[in-house]
Amino acid sequence: MTNNSPSILIVDDNPFNREMLSDILKANSCTVDTANNGQEALDKISSKTYAIIIMDMLMPGLDGFETTKQVRKMGLKTPVIAHTSMSMKKDRRRCMEAGCDEFLPKPINTNDLLALIKKYAGSDTQPETQSIASQQKIKHPDDPTFNGLKALLIEEDQTIRNQYIEVLQDMGFSVSFVPNGNEALDRLEQNSKQYDLIISNMFTSGIDGLGVLNTTKREYPRVLVFIYADKFDPATLQLMMQLGADGIIPQSDFKNSIGKIVHTALSQTSHSRTNQAQTAFQVRQSQARLTQFGCSKPCQFIDMAFSTLHDAGGDMAQCRYFNRSGQCGVVLADVSGHDILSSYISAVFLGILSSVWNTHQDPLSLLRIINKELLKMEEVNYHVCTTVLLWDQKKSHLDIATAGNPGPLLLTQKDNQLEFQQFEGGGICLGLLDRDDLYTFQQVDLVQNSRLFLFSDGMSASKLQSIINKNKNLFLSEVTSKREVCRRLLDAYMDSWSQDDDMILLSLESTKTDADKQFLYSFYSDYKEVDKACKWISDQLFKHMPNLEMDMMMLSIREALLNAVEHGNNYDSNALVEVTLEFQPNGLQIVISDQGKGFNLNKKLIDSKNESGFQIGKRGLKIIHAFADKIEVHGGTMRLLFNIG
Amino acid sequence: MKTYKSNGTFFLLPETDLVASQMEEIRDYFMKELRDNVDAEQVTLDATGIEIVDSLGVNLIIGLYRHVSTESKKFNVVNAGEKFMKVANFFRFSTLFDIEKASSDD
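Keeping their order, the protein sequence lines are chains Z and D. Those letters in the first sequence? Residues 31 to 675, per the numbering used here, in order. Those letters in the second sequence? Residues 365 to 470, per the numbering used here, in order.
Looking at chain D on its own, in the form it has when it is part of the complex (with noise of 0.2 angstroms):
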């Protein structure tokens, strides 16, 4: 779990799939460090290594769009695994914001 921040954009790489018993960690973690880094013009979550995402993991998303948006910045998920896409189509995550494959599933 880290985050880095690159040409103005904050990314979050959780590495880790987002479910329940990782939820309280991650969630504590990108809120801290999101507050630390209000500069940044755009959120990006990398889903690098996410292969399971529950519904837990998937409110953690919409809570991450939500509270980016109303910062008025620019929320986006890049590097989604086939798994991750599952999930994110069955929830139509790409109405909300933008989703990039990675690029071994392309």
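Same shape as in the complex, but just chain Z (with noise of 0.2 angstroms):
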């Protein structure tokens, strides 16, 4: 062993890739650095040595087939391992002349990864094999000891019988029997975790040694099987191989070949077993980072809890704050499968999501464009159901697509009592047809006091709404803490209904908490709909304090629109402005939103002071300042404080 941790580098565009390759390296003792792209990884590669380094070969600016004849260029010779979804031979190829060493397909194969590793870092970086043998406890097979596992035999010539429990035991066995296959399977299905392995003669009356197989390996896969018989034909040997047969034993040899069979096939089981189960929570972990919310500071009106059953891919949920007049979006999906691939799958998803979500906002064009991403994969086993929202939180409107989850189910509080509606839901799930007309679409406005339950398919709408109506309190008392209803609501489903998938609760409420002090108005840029729409805010500002001097509050206000038709929106006549108005016990909040990526408006004044007063421009951010009490710019959002009374 010449290095015991070697020192990694990890170059992957995908977070959801990083993380994964990071948890599997560090789970076997590697140090482990990431860099987000090419120029990032080089900045690194400069100041630190690495001892390999794993380079994902498409991504933006920089690539990997780039990077590395960049990393080649600078002389050194650090073994770079392609890492690429690509896997035609011309791709290896390419790779190898850009100058990398070795090819490591998407998505990952441990083995192969750690195999590599050990290649090229000359170290031993399978502790886990080590691990599994000494965790199991299994020795050698000329030692007939199996420290109590519990064995069932199944034969009814009760001399054979004798033998056999006698030779098992000898070996450490614990060790039951049955006469046929018919009792087997009845023990099994009263208890099945009292057995470890089922040995079994392959004639018995009743259910017989095939049967018992087919059976265990359906429903209780945990359990290995063993068959033995005088002989065997060809046709059923193939036939015990396809069922699952952990070990075939010819009758004759039993006595001397129990207990090699058997040790081989927990050997091999349990590495298979711990491997498979190290890697899917290595994945589990990565993926489940990813199944949270986008937004650096989630907003109060989102709840979320989810609980997995089993090892890979399975449910995710993500959101993003537009900065678009305050509309965000929801992203609920559910990955067929759960296995690796299927949680390769969901980074793929995700990716995609990530890339085209800013430019595809509405629910069915995302729903459309995903669709036609994840078709070029041509994975025909594999498909996403998934559920889009674009969720436009001043006006507390939902624009909703859906692709094969259930539609969401609404909740409104009305006096005292819970109302529900469940909306459409289905369509085509996503990447199985080109087809763009097979969603389904509803719009949904959340009034006051009103919740809407997204879900997927390992939950349904009657059930949620029983676990509701069981637990009314969380809505109408107001003692009850409103946080984490999600969480409350998933536990107690739970505990009323078996779990058989993947299962994710998600809640949007209303954003309108005080719908009479708020008011609304948007308009397309243009300098004509800038007069209507301080007409209509005079008329508000009139209407509601009549006696306030405004002249230059109105003045500010409008410099305000101007910015965000002129600055903003550039100008786009097909760009919304959004106005909201908030009249509060001493004064007036007015919300500007353009579609825009704002600006800072310290520098933005710094700049305008030194202009003289000649000078054309900026002057306009000027009024704005000079009359407002305050302003604060996020992004496209300008908010404009001015203290009344």
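Hints were generated in silico from the structure; no laboratory data involved. Among the hints, a few may not be true.
[Stated by the list, open to error] DSS-like mimics (lysine-lysine), calculated; alpha carbons at most 25 angstroms apart, straight line: (1) Z:Lys558 - D:Lys366; (2) D:Lys450 - Z:Lys565; (3) Z:Lys562 - D:Lys447; (4) Z:Lys558 - D:Lys396.
Can you join these two chains into the complex? Each is in its own frame, and there are hints to help.
Set out below in structure tokens:
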């Protein structure tokens, strides 16, 4: 062992892949550093020495090919492992031509990865193999001790049965017996955990060895099954293998071979299970980090809980604040299957979502583009059930599209009663068909004291409704905390019904907290529309504060609207400006949102101070600043506060 | 929106608010009129009817002042209402040219 903790740099623009690789490598005693792109990688390589670089070849900007070429130009011989979903021979050749040393296809195969690390780091990076051996306490085949493993022997012949029981007990097995398959399956049904393995004669009355094998592998896959017989014909042998027999024992050699065969099967199974479980755990851990809200500070109106069942794949949820007139997006998705590949599909899905969401905020448009991208993968056995929302928090309005997921459930609280409305769901899942017209779409206004629940197909609307009714206090009581409503409901759901799939429950609360005090107005970016907006605002001001001296206040507001039209939306007549008026006890708050990126207020004000009075430009900002008591700019949203009275 | 000449002074009367939505039309009209009346010794903006002046309106007024000044002529504003004066004071127009308040505001 030349290097006990090789330093490895992972270069990948996909956070999921970075996390997953990091977890696997860290679990195998590697020191890990990550870079989000080629440039960042080159910066790190320039200042630090790595034993190995794992390079995603397809990245925006400086891609893996170019980055690797740069590494070689720097005179570095650090082994570079190309990690990519491109699997054609020509892709492999291109990677090698760029200077890569190895080719590791996506999705990740942990054993292949560790073998490459071992090869290039010169270290034994498979400590789990050792730990497995020690954990299992399985001794050498010649050592006939199986530590009290519980075996169920199926044999009708009492003489043979007694012989075999003796052999097995000598090896350390704890042995029970039944004469036939029927009784064996009855026992398994009563408590399958009381047996670790079944050793059955192929030929018994009633359900024979094949029947036991078939049922056990289907219903109780944890239990190992060994079949013995005087002789086997080739067709039966093949069938047993297909059914998943863990060992086939010639009866004539039972005493000598049973120990070795069981030992081999136990070793293989434990190694495989541990490896799978470890990888799946790492995948799940990585994925859990992505099943979270996209905003750095999740808003108070969204709540989520999930409970995973399987090792990998499954449900995920993301949200994103678009900074477009207060709109945000929410996506809830469920990838079919629960294996490593489905987890990989999850990562791909999130990657696509991440790159197209801003430009496809409309739910139907987003479903279409993701479907188009998923179809390119040609993974015919996988699909993604998806719900997409565009949430206008200011108007408390939702556009909802579903592709295979259940429709949302609307809960409205009226006079201490809970009312429910189930919306249409379904539609074709993503990744199945090149059709854009098979999704469902609806619009929902979340009135005050209402909540919309979204959930994956692990839950049903009727059962959820029942659970909500049983937990009315969560919504009706003034005392009960409204926090973590989803967690409480999901726990109650699982207490009442068994969980047979991943479950995710997400709720969106109405943003209308005091409708009487908020006034909304929106207009397209045009000067004449600014005049109309100003007229609407001054009418509202006059209505609520008839004695207000509003001339300069209105001038300030007008300039903020002009700023949104000119600089925010760049005169795009299709771009909206949204205005919210909120009358407060001692003043007025006006929020103006455009669809631009926003600006640094302080910097602009400093710039404007350097102008002389004769210069043209930035006068609007001066006016806004002069007559508003407080200005806040966040992205494309400007908030003006006027103190009154 | 109109113009007229009296005693060597060329009068500009927007008769409307000096706001973004009106600006292109007002600017084009006034600039054409100024080009056609180069013989005037003084240019006066008559602020009658102007209630609102936004930043583009400010730019128009300063643009007119600069244009007239480059021709070595005098520029002033008359009949300025209270609201007009608030903006004029904020931008210190009076340091650039004379402003005469409307008689009702005296």
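Structure-based check of all given hints:
no.	hint	result
1	Z:Lys558 - D:Lys366	holds (22 angstroms)
2	D:Lys450 - Z:Lys565	holds (20 angstroms)
3	Z:Lys562 - D:Lys447	holds (19 angstroms)
4	Z:Lys558 - D:Lys396	holds (24 angstroms)
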